[in-house]
Amino acid sequence: MNAETRNWVAVGELADIPREGARVVKTDVGCIAVFRTVDDDVYAIDDSCPHKGGPLSQGIVHGTSVTCPLHNWVFDLATGLAKGADEGAVSVTAAKVADGKVLLAADDLARCAG
Amino acid sequence: MTKKKLIIVGNGMAPGRMLEYLFDKNKDVYDVTIFNAEPRVNYNRLMLSPVLSGEKTYEDIITHGDDWYAEHDVTLHKSACISGIDRDSKTVTSENGITASYDKLVIATGSNPFIVPLPGKDLDGVLTYRDLDDVDRMLEAAQRGGRAVVIGGGLLGLEAAAGLKMQGMEVTVLHLMPTLMERQLDPAAGFLLEEEFNSRGIEVLTKANSHEIVGDGTGRVKAIRLEDGTEIEASIVVMAVGIRPSADLAKSVGLETNRGILVGDDMRTSDKDIFALGECVEHRGMCYGLVAPLYEMAEVIADNLLDGAAEYTGSVTATKLKVTGVDLYSAGDFAEGEDREEIVLRDASAGVYKRLVLKDNKIIGAVLYGETADGPWFFDLLKKGTDVSEMRETLIFGQAYQGGAPLDPTAAVAALPDDAEICGCNGVCKGNIVTAIKGKGLTTLDDVRSHTKASASCGTCTGLVEQLMQVTLGDAYNPAAVTPMCGCTPLGHDEVRRLIKSKDMKTIPAVMQELEWSSSGGCAKCRPALNYYLVSDWPDEYADDYQSRFINERVHANIQKDGTYSVVPRMWGGMTTSKELRAIADVVDKFNIPAVKCTGGQRIDMLGIKKEDLPAVWADLGEAGFVSGQAYAKGLRTVKTCVGSDWCRFGTQDSTGLGVKLEKFMWGSWTPAKLKLAVSGCPRNCAEATCKDIGIICVDSGYEIHFAGAAGLDIKGTEVLGLVKTEEEALEHVVALTQMYREQGHYLERIYKWAKRIGYDEIRSQIMHDADKRKAYFDRFVFSQNFAQVDPWSERVSGKDKHEFKPMAVLQLEAAE
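In the order they appear, the protein sequences are chains F and G.
This note's numbering numbers the first residue of the first sequence as 336 and each following residue consecutively.
This note's numbering numbers the first residue of the second sequence as 414 and each following residue consecutively.
Next comes chain G alone, as it looks inside the complex (with noise of 0.2 Å):
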């Protein structure tokens, strides 16, 4: 039997969902082509608010990469915008000549951003926010700084203007109604959210009208002007007042529309071999812009598409807004009336507040705020219109309540009925869940992700399914479980790492021999991490694997965005002399290095350096005793140190002197992530060892040492480690936990991380309290040190890897014949 076409416009969750519950179906029945204006795959696009605000990327967060496509024998056009359709010989034709038959064809066109008609908004720098292209113009706006100015209150404008401010900008918020998501929110809970945005440095301005965008001359936004006179200055605007359904192709081909494409409850348009799916269609009046009303379509379809008989009738939807941090959830109607009675529990020092809407002993809607735990269950009772006048005396408490003693949260799931939903993007229930994990013997959340779809898309559920899979497995569940080093391997960091020693492998093709790698030279994550795991266990017999080195440790100098690199040597301890400083200063002029900047870790970079300049300028620096600064290693990078009782009226030990010990001690030592040090010589602290990997603080009565700091993607406090006595025993014990953390580490895992992962409690076992273990630790560091010290910067002045900074030929092209 020859199969029939099917031909999908539009790429957008809606219809990967309905190809999904189609090939589930019966595989057999058509051959799909789907054209898509996007140039890309199909990906989440509820989770663009974390790639905004730099939570997750890109690739975290496609459905359906390539392989689906081939695998599932889809044809897909990237940028493909379908410009006709001729229903009488059954053809679409898209903008760029392509042109392709169908039996049944599905409108999924989505939806277009409202843009406000104000004069001004074609300028340079105005925004909307719908799709991957949107993020990335607003994270390129970010990278300049200045002042973002987001229209609209709702739910995209506010995780927006969240993501925004994660992105460093200012951001301002202006709405148009008194209270933010109004249609959402009932006037309280909207000032809460007020409230939450303002104390993370976000303005908001309610009841504020735009009137227009001020352009600076150039064609680029400078401010945004409301009716009542005030500017604002902008660097971007960004449009979130709302959508529009795209409906004009099925107008334009005579498919009856309103304000979308209008279709019956089985799904048919007015043509009955043509769908509308998802954002595009008018159901009974409605048009939803949520997604779990589109998947409930899209099953439909799927159906329907088979001779089935599926009707769609409508959707309840609830709501949550994805801002970390903030807990919102709301679902049906919470305006006032005379009818309606409503529980309301505010708890002012939490921040929590819910109110629940009840109509003859039903709840009819639900908004919590700062406490949402109970919002599916809500959620439950709504839908289902279950009469709650048994248990109204401490409904509002939750589902905990309802058996007298609070209930922990696994038993609260384990309680739950089994037509309970959890995931309610993916409309998945709690049955459907356990019996997807008895029956397909699921035990990792990813599975039961891509299995069930619970929680695959918003992730806001992902607590639920694992406390699911917890009362389910029990403790066969482990939620530890390994993630892969990368797609070349199923077995984590630790296990490859236990796998080295263990079986004595000793170069990175055994390795991938051994552990059966599934590509045939690994990748550009594995392939560094493996030389780590070999260089840091083997000092001795393994042959370092430049080619498997990134180019910063490759070449022994940072890359820059436009292909140069800098330099640093280094400092000891940040002391330096005016003889160091002529030696800069000379090489500076002779190499023409434009940029030189003083780091954050006492030394001095020269960037802007040219890669075949790079020999050269070693060789002057060596001439004046300096060697590299290993500022582009994973490895000992900076001693940070303050002037300590040399100089300072306060300082209780030699914090300088320490510091120039631990780092000649020290240099040249690969580590899983970069290592930073401090030492300070009071607790004053000048040195801020105590948000360093380690850190010491010097007292009185020793030195107190430190460990597990953060200042970067993360901020976080040091841990102490111990007080001990003499230089000496601060030099061993520091020496000894890097070295802990050089064989346990996960390549790219700073130390704070590990630290966590192990247990401070153990690492002070281990390095303060078991003095042969440390001994152990600094005797293995010694040893490899004899292999490590080495200045790379002289041997390459001396001719080594020259290949790495001259090119192979010079061509002069003749003109083309």
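The following block holds chain F by itself, in its conformation from the complex (with noise of 0.2 Å):
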């Protein structure tokens, strides 16, 4: 499936979160960490780290990283990679904004569900 016929839904206005900061979207499977860089580009990633479990969306945003609050993991936010001499990754949803809207994409999220 390609990006044009993907189901996206909409999850807030772009302005809603602070640049270099996070939101978290809730769902029934787990937190999604919403991004905004200082571009003003979204990404979305699960808000768990898969080192213990830290909060993404709670750690520092920096060029399209974040680090972890609680033992500093860094991740690539479009890959969902750690960087570093860490191994580990968080899923990725895909993200954009449109007319001012953060959209996510359904299937991802549906894909954490399934």
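Because the hints were derived from the structure by calculation, they are not lab data.
What you are looking at is a predicted structure, and each value in this text was computed from that prediction instead of being measured.
Beta carbons are placed, not taken as given, at the ideal position from N, Cα and C, and that holds for glycine.
Where hints are given, some of them may not hold.
[Said to hold, decoys possible] Below, in silico cross-link-like pairs of lysine-lysine (DSBU-like), each with a Cα-Cα straight-line distance of 35 Å or less:
#1 F:K387 to G:K534
#2 G:K1024 to F:K361
#3 F:K436 to G:K416
#4 G:K1024 to F:K431
#5 G:K974 to F:K431
#6 G:K1129 to F:K387
#7 F:K361 to G:K534
#8 G:K1010 to F:K436
#9 F:K387 to G:K438
#10 G:K1074 to F:K418
#11 G:K853 to F:K418
#12 F:K418 to G:K517
#13 F:K361 to G:K1023
#14 G:K1023 to F:K418
#15 G:K1213 to F:K431
#16 F:K387 to G:K853
#17 G:K1219 to F:K436
#18 G:K517 to F:K387
[Stated by the list, open to error] If the Cβ cut is set under 7 Å, some of the chain F residues that face chain G in the computed set are:
#19 V346
#20 G347
#21 L349
#22 E355
#23 G356
#24 V359
#25 D376
#26 V377
#27 H386
#28 P390
#29 I395
#30 H397
#31 G398
#32 T402
#33 A420
Could you fit the two chains together into a complex? Lean on the hints.
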């Protein structure tokens, strides 16, 4: 399935998320952390660090990375992969902005549910 | 020309070093693929003990990061254990299904820890000590506390024992032989070592024959039983009795093996296209477990891969124990014998023992305990077979005594011959280092390490390398050379702080732009530091960037391991009232707060609060008059007091009152790291002021001000700043000292570290003896408080940053189709 034919779900306004910050979207299957970079790009990854479950939405956002608040693991927001020496990954949900609204890919969310 | 294919099985220190040699000589001959059974890059296994003891982190010990592999075009398969080698088609296959073909193959499968075949060896909590996973398992166990029993009193076992002790566990070492490290130490040194471990609270049982590991019925270890029936409770058992070359793979494909994989002097196995390297090797009947021989093998293989004719002829090894505070060095053969003589030096009061074993006027063995600086020199004489009869009389006193008067350490290094070995792990001699320093214009220790490898493994020769740099570079060598703030900039904290002021930079992007940060948005290290520097330097102009603050300071509560928060309101000077306590009790009930605890700073901590509840909790606390205790801040935390002259029959001044005044004056101020104060009403010091960042001891004649204490990671009594007569003076001095620290400290540098760096006398002279300076510091603090003393809780109750506390959306997902 290519990006154009995905089902997108609106979760709020871009302005709801601080630049270099994140907000949480709660779902039945866990929390998604939705990030806004300094350039107003948005990314969404699972809000749970694979190391000890730290809430990544609470970390410091730098460039397109976030540092986990519990033990400083760093994740690439685009790929969900841990950077540096740590090994691990979080699931990525496709995200985009259209008309000032933040949209998440419903099928990615459903995949989490499945 | 197409490249030949080189496959390496294993990614330990030896193959890592081999590749460095290979690429140094010629990087265009081979396409290299590595299969690593461990899920990670190459790290320095010698440094596992400092990781276990908490003195280093995994990041500190990485030899080759992912970038290195990318830069050298090396394909690294992690978590890929090789299951088969087809020598006819020249391919290897991994358990996870990767097949690759080779022209040359290097087997570097290392060694396996030897597991004592005791009943119960498979219970949960029975560990080995070999790789980073083992260290992680031990650290996890250490958090639960209890007793660790280490089987094996050799190098690894003792390092494990010392590390676990430093992590707070009770530790017992069981050793089968009568003295510790009997393969490297003679009985006398083994005894001294045992004494040292005993004095650290580590129990050592020698001649201890383990019989059975006892489980608790749920599959976890509970105790260990010895042959004589003694039972020792154990929450973990660490087996560190030795290693076995890992030769199974080689054996299964028909290569000749014995204890290890058999190789000739060219390091080839019985198949000419397959080399073996490292601890899995058996060469001339010897298997090696120390790093120096492995590196020598690595160099030989690198040469032979390029059609050279290098030969490995075996190694003499020296050993150092890497336990902080224990100096121990041994080399060669020191068994007694008829044709052997020995020279022994004992100095019981200094805890020094040295023994040299001589044969035919040559050193054949050396054991040094307590004082090991001459180890490399003795080892050098040993390896060269130098005739020592000329200097026999003074030999045991070391190199410095050979010229008559004792030399200072730098002169001693200067006097070493060019071929004297400086770094035993990496076989680097003085000449290599001097040539590299001069030829490549090296000026920092890190440069010397990366170019020569000297002191890059176990690090115990770092002092020697530094002295050598001193000798070679003279004044051009500055050992205090700057450590960069983080990976985003080569600048150190001091330079950044100075440039922020001198270039008038007032935002984080301005600093990053102007000072040429190498990353786009900084990192989690530099961003909070820059934010603090700007808050501290431009209190009225800088807009605090909350996105650059750590979560605790962003939401004004302390994040806990499960993602909930804890909340600590201020109790000024530790005083409280029935009304306040009632309000806390009501909040705890209303929000079902699961835990309430008194802190060490004389206030009350409510733990386990959900993030969404924080504003409501603060609203209720605020109604009772509470403000944030800033227990999360790199800023003023508590002022601990005793009851002083109000109640205490020994109190000389109103210590409680002064504490409250200090706290009301200083709350809200940000500092480089947390700041904790205390005021004691008399020298009995019930408020424990002499281990605080700043403390005051009240005496009849006034107030004795202390600073730079520590009672956390480090323990350190305070230094005395000076004595003042009145409460007002005490407040002015404490505030001025705080401001000096705010302006000069590096982010996260506690006051005791800052003070040591600046010098206690410098601080005394500015704060005690220069009234103008003191007044200026005081005034700048007061000015900045205009912008800092806003209760963050009431701000958030009024709606500030409400996005922090609520989810953006709650989605009900329909079932996936």
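Do the hints match the structure? See the list:
{"no.": "1", "hint": "F:K387 to G:K534", "verdict": "holds, 28 Å"}
{"no.": "2", "hint": "G:K1024 to F:K361", "verdict": "holds, 14 Å"}
{"no.": "3", "hint": "F:K436 to G:K416", "verdict": "violated, 52 Å"}
{"no.": "4", "hint": "G:K1024 to F:K431", "verdict": "holds, 27 Å"}
{"no.": "5", "hint": "G:K974 to F:K431", "verdict": "holds, 31 Å"}
{"no.": "6", "hint": "G:K1129 to F:K387", "verdict": "holds, 33 Å"}
{"no.": "7", "hint": "F:K361 to G:K534", "verdict": "violated, 45 Å"}
{"no.": "8", "hint": "G:K1010 to F:K436", "verdict": "violated, 44 Å"}
{"no.": "9", "hint": "F:K387 to G:K438", "verdict": "violated, 44 Å"}
{"no.": "10", "hint": "G:K1074 to F:K418", "verdict": "violated, 47 Å"}
{"no.": "11", "hint": "G:K853 to F:K418", "verdict": "holds, 32 Å"}
{"no.": "12", "hint": "F:K418 to G:K517", "verdict": "holds, 32 Å"}
{"no.": "13", "hint": "F:K361 to G:K1023", "verdict": "holds, 14 Å"}
{"no.": "14", "hint": "G:K1023 to F:K418", "verdict": "holds, 29 Å"}
{"no.": "15", "hint": "G:K1213 to F:K431", "verdict": "holds, 27 Å"}
{"no.": "16", "hint": "F:K387 to G:K853", "verdict": "violated, 45 Å"}
{"no.": "17", "hint": "G:K1219 to F:K436", "verdict": "holds, 18 Å"}
{"no.": "18", "hint": "G:K517 to F:K387", "verdict": "violated, 42 Å"}
{"no.": "19", "hint": "V346", "verdict": "holds, 4 Å"}
{"no.": "20", "hint": "G347", "verdict": "holds, 5 Å"}
{"no.": "21", "hint": "L349", "verdict": "violated, 11 Å"}
{"no.": "22", "hint": "E355", "verdict": "holds, 4 Å"}
{"no.": "23", "hint": "G356", "verdict": "holds, 5 Å"}
{"no.": "24", "hint": "V359", "verdict": "holds, 5 Å"}
{"no.": "25", "hint": "D376", "verdict": "violated, 12 Å"}
{"no.": "26", "hint": "V377", "verdict": "violated, 11 Å"}
{"no.": "27", "hint": "H386", "verdict": "violated, 11 Å"}
{"no.": "28", "hint": "P390", "verdict": "holds, 5 Å"}
{"no.": "29", "hint": "I395", "verdict": "holds, 4 Å"}
{"no.": "30", "hint": "H397", "verdict": "holds, 4 Å"}
{"no.": "31", "hint": "G398", "verdict": "holds, 4 Å"}
{"no.": "32", "hint": "T402", "verdict": "holds, 4 Å"}
{"no.": "33", "hint": "A420", "verdict": "holds, 6 Å"}
Comparing the model with each numbered hint stated earlier shows that hints 3, 7, 8, 9, 10, 16, 18, 21, 25, 26 and 27 do not hold.
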